[in-house]
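Chemist: Please put together the full structure from these sequences, using the hints given.
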Amino acid sequence: MNQINGAIYEIHHMDMLSSRDQWVNRVHPLVKLVLTVVYISTVVSFQKYDVAGTAGMLVYPMAVFLLAELSFADSLKRLRIVLPLVCFVGILNPFLDKHYVLIDGIRVNGGILSMVTLILKGVFSVLASYLLIATTSVEKLCCALRMLHVPKAVVTQFMLTYRYVTVLLEEVNRITQAYMLRAPHQKGIHFRAWGPLAGQLLLRSVDRANEVYESMLLRGYQGEYQYMRERIGFVRQDLAYLLFWLGVFAVFRMWPVILVVGGLFS
Amino acid sequence: MHMADALVAPAVAGTMFACSAAAAVYSVKQVKLDIDTKKVPVMGVMGAFVFAAQMINFTIPGTGSSGHLCGGMMLSALLGPWGGFLTMIGVLLIQGLLFADGGLLALGCNIWNMAFYGCFLGALLIWKPMMKGGMSKVKIAAASILGCVLTLQLGAFSVCLETYVSGITELPFGIFVGTMQPIHLAIGFVEGLITAAVLVFVYEARPELLFGSTEKEQEEGRFSFRHTLAVLAAAAVLTGGLLSLAASSNPDGLEWSIEKVAGGVELEADGGIYEAAGSIQETTSLLPDYGLKGSESALGTSVSGIAGAAAVVALCAGLCHIFKLFRKCSEQE
Amino acid sequence: MSHIHIDVEQVSFGYEKGKEILGQISLHASERDSIGIIGANGVGKSTFLKLLVGLNLDFSGSIRIEEIPVEKRTLAQIRSKIGYVFQDSDSQLFMNTAYEDIAFAPRNYGLPEQEVDRRVEEALRMTGISHLKEKQIYKMSGGEKKLVSIATILSMTPDIILMDEPSIALDPRNRRNLIRILNSFEHLKIIASHDLDLVLDTCERTVLMADGRIVKDGPTDVILTDRELLEENGLELPLCLQGRTGKAE
Numbered sequence: 001m002n003q004i005n006g007a008i009y010e011i012h013h014m015d016m017l018s019s020r021d022q023w024v025n026r027v028h029p030l031v032k033l034v035l036t037v038v039y040i041s042t043v044v045s046f047q048k049y050d051v052a053g054t055a056g057m058l059v060y061p062m063a064v065f066l067l068a069e070l071s072f073a074d075s076l077k078r079l080r081i082v083l084p085l086v087c088f089v090g091i092l093n094p095f096l097d098k099h100y101v102l103i104d105g106i107r108v109n110g111g112i113l114s115m116v117t118l119i120l121k122g123v124f125s126v127l128a129s130y131l132l133i134a135t136t137s138v139e140k141l142c143c144a145l146r147m148l149h150v151p152k153a154v155v156t157q158f159m160l161t162y163r164y165v166t167v168l169l170e171e172v173n174r175i176t177q178a179y180m181l182r183a184p185h186q187k188g189i190h191f192r193a194w195g196p197l198a199g200q201l202l203l204r205s206v207d208r209a210n211e212v213y214e215s216m217l218l219r220g221y222q223g224e225y226q227y228m229r230e231r232i233g234f235v236r237q238d239l240a241y242l243l244f245w246l247g248v249f250a251v252f253r254m255w256p257v258i259l260v261v262g263g264l265f266s
Numbered sequence: 001m002h003m004a005d006a007l008v009a010p011a012v013a014g015t016m017f018a019c020s021a022a023a024a025v026y027s028v029k030q031v032k033l034d035i036d037t038k039k040v041p042v043m044g045v046m047g048a049f050v051f052a053a054q055m056i057n058f059t060i061p062g063t064g065s066s067g068h069l070c071g072g073m074m075l076s077a078l079l080g081p082w083g084g085f086l087t088m089i090g091v092l093l094i095q096g097l098l099f100a101d102g103g104l105l106a107l108g109c110n111i112w113n114m115a116f117y118g119c120f121l122g123a124l125l126i127w128k129p130m131m132k133g134g135m136s137k138v139k140i141a142a143a144s145i146l147g148c149v150l151t152l153q154l155g156a157f158s159v160c161l162e163t164y165v166s167g168i169t170e171l172p173f174g175i176f177v178g179t180m181q182p183i184h185l186a187i188g189f190v191e192g193l194i195t196a197a198v199l200v201f202v203y204e205a206r207p208e209l210l211f212g213s214t215e216k217e218q219e220e221g222r223f224s225f226r227h228t229l230a231v232l233a234a235a236a237v238l239t240g241g242l243l244s245l246a247a248s249s250n251p252d253g254l255e256w257s258i259e260k261v262a263g264g265v266e267l268e269a270d271g272g273i274y275e276a277a278g279s280i281q282e283t284t285s286l287l288p289d290y291g292l293k294g295s296e297s298a299l300g301t302s303v304s305g306i307a308g309a310a311a312v313v314a315l316c317a318g319l320c321h322i323f324k325l326f327r328k329c330s331e332q333e
Numbered sequence: 001m002s003h004i005h006i007d008v009e010q011v012s013f014g015y016e017k018g019k020e021i022l023g024q025i026s027l028h029a030s031e032r033d034s035i036g037i038i039g040a041n042g043v044g045k046s047t048f049l050k051l052l053v054g055l056n057l058d059f060s061g062s063i064r065i066e067e068i069p070v071e072k073r074t075l076a077q078i079r080s081k082i083g084y085v086f087q088d089s090d091s092q093l094f095m096n097t098a099y100e101d102i103a104f105a106p107r108n109y110g111l112p113e114q115e116v117d118r119r120v121e122e123a124l125r126m127t128g129i130s131h132l133k134e135k136q137i138y139k140m141s142g143g144e145k146k147l148v149s150i151a152t153i154l155s156m157t158p159d160i161i162l163m164d165e166p167s168i169a170l171d172p173r174n175r176r177n178l179i180r181i182l183n184s185f186e187h188l189k190i191i192a193s194h195d196l197d198l199v200l201d202t203c204e205r206t207v208l209m210a211d212g213r214i215v216k217d218g219p220t221d222v223i224l225t226d227r228e229l230l231e232e233n234g235l236e237l238p239l240c241l242q243g244r245t246g247k248a249e
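Chains as they are written, first to last, in the working numbering: chain C, 1 to 266; chain H, 1 to 333; chain A, 1 to 249.
Hints were generated in silico from the structure; no laboratory data involved.
All C-beta atoms in this analysis are idealised placements derived from N, C-alpha and C, irrespective of residue type, glycine included.
Just to be clear, a hint being listed does not mean it is correct.
To give an idea of the chain C side of the interface with chain A (calculated C-beta under 7 Å), a few residues [unchecked claim]:
no.	residue
1	E10
2	S45
3	S71
4	D74
5	V167
6	E170
7	R208
8	V212
9	L218
10	R219
11	G220
12	Y221
Subject to a maximum C-alpha distance of 25 Å in a straight line, what follows is the list of computed BS3-like cross-link-like pairs (lysine-lysine) [claimed, not checked]:
no.	chain 1	residue 1	chain 2	residue 2
13	C	K152	H	K38
14	A	K81	H	K38
15	A	K135	C	K152
16	A	K81	H	K32
17	H	K38	A	K216
18	A	K216	A	K19
19	A	K50	H	K38
20	H	K29	C	K152
21	H	K32	H	K132
22	A	K50	A	K81
Modeler: Structure (structure tokens):
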């Protein structure tokens with residue numbers, strides 16, 4: 001199950017990327033969060049045959065990849081979940097869609113276009129999320145969520161879960177490796193061990209949680225979880241960044257920029 | 001069953017965010033973290049446990065395939081509906097952000113489809129009533145299986161509904177549902193068995209860990225059953241209203257299916273919302289030559305498309321490099 | 001006459017009725033004492049330490065920390081005077097970065113952010129890990145985590161430091177570093193450990209426990225060189241006193 005090692009690596013890797021001292025990383029986290037959500041909403045809102053319009057939204061991820069000096073190849077791994085999904089959902093479009101569109105005077109099946117836009121939407125939205133988490137650390141993201149008045153209880157749970165995810169992943173790794181070394185012909189956990197294996201892990205996790213609680217009590221914890229930053233200040237660059245991109249999104253949404261620019265050539 | 005962003009329209013995503021947010025705020029009130037302070041670290045570590053445990057491959061006897069744990073039911077059985085729900089939100093956020101398993105825009109949908117059904121319905125409708133009058137291995141197993149199956153069925157159906165209303169796929173609703181439901185019935189059953197195995201183990205080792213084992217926990221949520229029904233009813237009304245708005249502002253999907261169903265006769269949609277939605281679409285596509293409302297129209301030439309794309313990419317790359325150079329110079333000063 | 005002292009009188013304790021883990025323990029410790037608590041597995045070392053900070057209140061007898069009895073209503077007061085370092089650093093450290101974890105305690109006590117910052121810097125300096133200030137906990141090695149754990153209680157400026165098996169999971173260099181740091185502290189220290197060589201190097205006084213009772217309480221030099229006493233109670237001479245073949249002479 002090197003899936004687990006992969007997960008641990010992924011967490012460490014994203015953390016490393018987001019903690020670089022880099023221009024985009026320094027932009028206010030709330031600005032990046034808002035832009036990501038607005039970007040994804042915009043991309044997804046394109047009409048299903050509007051391939052050119054959707055494709056134009058390429059500029060945002062492309063720019064951030066370049067500005068933040070991130071590797072595009074690195075992000076391709078993330079597409080492995082979304083691509084099969086959108087293909088499954090869109091695969092029958094060319095067959096079921098009875099509408100046709102003229103391109104170069106040739107009739108093209110609308111379903112092919114809608115499938116292409118679906119794939120583009122899928123890819124762009126995943127890339128946007130990747131860019132968010134690759135340039136914003138989890139701590140700063142939590143601060144941004146608090147600034148949006150997401151309840152403290154929710155943000156605290158997110159933070160604590162994130163803190164212990166790698167610890168638990170390594171424990172799962174250990175148990176399953178120990179299991180595999182004694183069950184060389186099996187690929188997964190045999191059903192007789194379902195209960196005990198995961199159950200032991202659960203009990204150990206509960207014990208750990210109790211210890212964490214004791215540790216918190218001994219350092220003065222009395223119920224008020226106030227130990228995260230509630231606010232980060234804005235600077236002019238943050239506002240400029242926000243307005244610039246919102247403007248770009250608006251322009252690219254309303255006009256098919258690619259076709260307009262291309263029209264200048266013909 | 002995690003939904004990707006590409007599968008939802010913004011209006012649908014927004015609606016589900018609102019529903020999930022309402023459920024979250026309600027949970028925060030109910031969980032009373034300021035009184036029972038121990039729950040805070042327990043919820044956090046349990047969230048990490050569920051996340052990690054969902055990566056374990058449990059081999060299904062007889063077949064060659066593997067199944068996984070059902071997070072929602074597991075957390076409900078350990079933390080109760082409110083604690084479980086809040087913890088699931090954290091788990092879904094990590095899955096979505098760090099592993100692209102579920103989109104950011106679709107988070108509201110995912111929270112509803114998985115956490116809400118798993119924790120509110122799973123715990124309140126199934127776990128609690130069944131555990132009344134004492135627990136037993138059989139009851140635990142039955143509740144797990146039933147809970148998982150119900151959660152996944154409702155979740156899968158919601159996914160179909162949300163995707164369909166967003167107008168993403170040409171798949172007829174019936175066929176979509178017809179493939180999703182049976183698959184998730186099987187998955188739900190397997191997940192239920194695995195979850196049951198683990199919960200029975202916990203019951204035999206440390207029964208006090210299970211939700212509902214103490215008198216206090218049995219009291220908890222007694223009146224919340226009615227509240228939950230009220231929340232569900234409100235959500236249904238809200239969802240219905242907003243989704244119909246979404247559907248009407250996305251006439252393509254619905255139009256097409258109306259055409260197919262009614263044999264080309266377009267149903268007269270009554271004024272107000274439909275016209276408003278129509279005019280929004282008019283203004284957002286400033287060049288109506290490129291309007292593509294399901295009819296044959298010129299998309300332009302492919303040459304202009306390719307040339308335009310190349311030009312835009314080059315311009316973007318160029319601007320970025322200039323910007324970086326500019327920053328380097330100003331930083332060196 | 002310093003106010004920093006611990007007075008334990010005839011304390012007995014068991015998690016379940018009928019199963020006594022600690023029986024009739026009496027101990028007095030004063031400022032600048034450095035006490036090692038040793039004994040075989042399961043004798044009750046960790047349990048004893050937990051009683052001192054009020055993590056279990058169902059004991060009989062009396063425990064007084066700086067004249068304050070350990071009971072429910074005095075817990076907050078007592079815990080502000082004692083720093084407890086858990087055996088498992090991952091349980092001690094539950095925030096995401098070292099800074100946040102070390103700042104947790106002073107923030108809880110309502111100190112202004114400037115003072116919190118000053119204390120964190122001081123704690124990092126005392127443990128020699130200022131360079132780890134912003135580092136993520138999960139990325140750290142066992143040695144680094146142990147030092148951060150110690151820093152998390154130093155920022156509370158406690159009078160008393162309790163440690164449960166501090167050198168477990170540390171490699172030789174980190175262990176040596178730990179010993180050096182412990183020796184630089186002037187607090188009242190109580191260290192429960194299997195690592196007899198560590199106790200030899202850091203504690204002037206040793207308390208030997210067996211079956212939940214104190215067998216002997218005296219100078220480390222005397223107890224840790226008494227081979228018969230140690231072997232009778234499930235232990236051995238410290239490794240450095242055993243000669244190169246590893247066999248006690």
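Chemist: Now tell me if each hint is right for this structure.
Modeler: A quick look at each hint next to the structure:
Hint status for E10 of chain C relative to chain A: violated, with the closest Cβ pair at about 13 Å, above 7 Å. Taking 7 Å as the C-beta cut-off, the interface hint given for S45 of chain C is violated, the closest approach to chain A being about 35 Å. Evaluation of the S71 of chain C hint against chain A yields a violated restraint, the C-beta minimum of about 21 Å exceeding 7 Å. Given the 7 Å rule on beta carbons, the hint for D74 of chain C is violated: about 19 Å separates it from the nearest Cβ of chain A.
For V167 of chain C, the interface hint holds, the least distance from its beta-carbon to any beta-carbon of chain A being 5 Å, beneath 7 Å. A hinted interface residue such as E170 of chain C counts as satisfied when its beta carbon comes closer than 7 Å to some beta carbon of chain A; here the least separation is about 9 Å, so the hint is violated. At about 6 Å, the closest approach between the beta carbon of R208 of chain C and any beta carbon in chain A falls short of 7 Å, and the interface hint on this residue holds. About 5 Å separates the beta-carbon of V212 of chain C from the nearest beta-carbon of chain A, less than 7 Å, and the hint is met.
Checking L218 of chain C against chain A by beta carbon gives a least distance of about 5 Å; that is within 7 Å, so the hint holds. The interface hint given for R219 of chain C holds, since its Cβ lies 4 Å from the closest Cβ of chain A, which is under the 7 Å cut-off. Hint status for G220 of chain C: holds, given a least beta-carbon distance of 3 Å to chain A, under 7 Å. Satisfaction of the interface hint for Y221 of chain C is found here, the shortest Cβ-Cβ separation to chain A being roughly 6 Å, below the 7 Å cut-off.
Our distance criterion of 25 Å between C-alpha atoms is met by K152 of chain C and K38 of chain H, whose separation comes to about 16 Å. Between K81 of chain A and K38 of chain H the CA atoms are separated by roughly 22 Å; this keeps the pair inside 25 Å, and the hint holds. Taking the CA atoms of K135 of chain A and K152 of chain C, the gap is about 24 Å. The hint holds against a cut of 25 Å. Restraint check: the Cα-Cα separation between K81 of chain A and K32 of chain H comes to about 30 Å, which exceeds 25 Å; the hinted pair is violated.
In summary, the hint linking K38 of chain H to K216 of chain A is not supported, as the alpha carbons are separated by about 38 Å, beyond the 25 Å threshold. At most 25 Å may separate the alpha-carbon atoms for a hinted pair to count; K216 of chain A and K19 of chain A meet this at roughly 23 Å. Proximity of K50 of chain A to K38 of chain H is assessed by CA-CA distance (about 18 Å); at most 25 Å being required, the pair is judged to hold. Between the alpha carbons of K29 of chain H and K152 of chain C the distance comes to roughly 12 Å, so the proposed pair stays at or under 25 Å and holds.
Proximity of K32 of chain H to K132 of chain H is assessed by CA-CA distance (about 23 Å); at most 25 Å being required, the pair is judged to hold. About 14 Å separates the Cα atoms of K50 of chain A and K81 of chain A, which keeps this hinted pair within 25 Å; it holds.
The structure is inconsistent with the numbered hints 1, 2, 3, 4, 6, 16, 17, although it conforms to all the rest.
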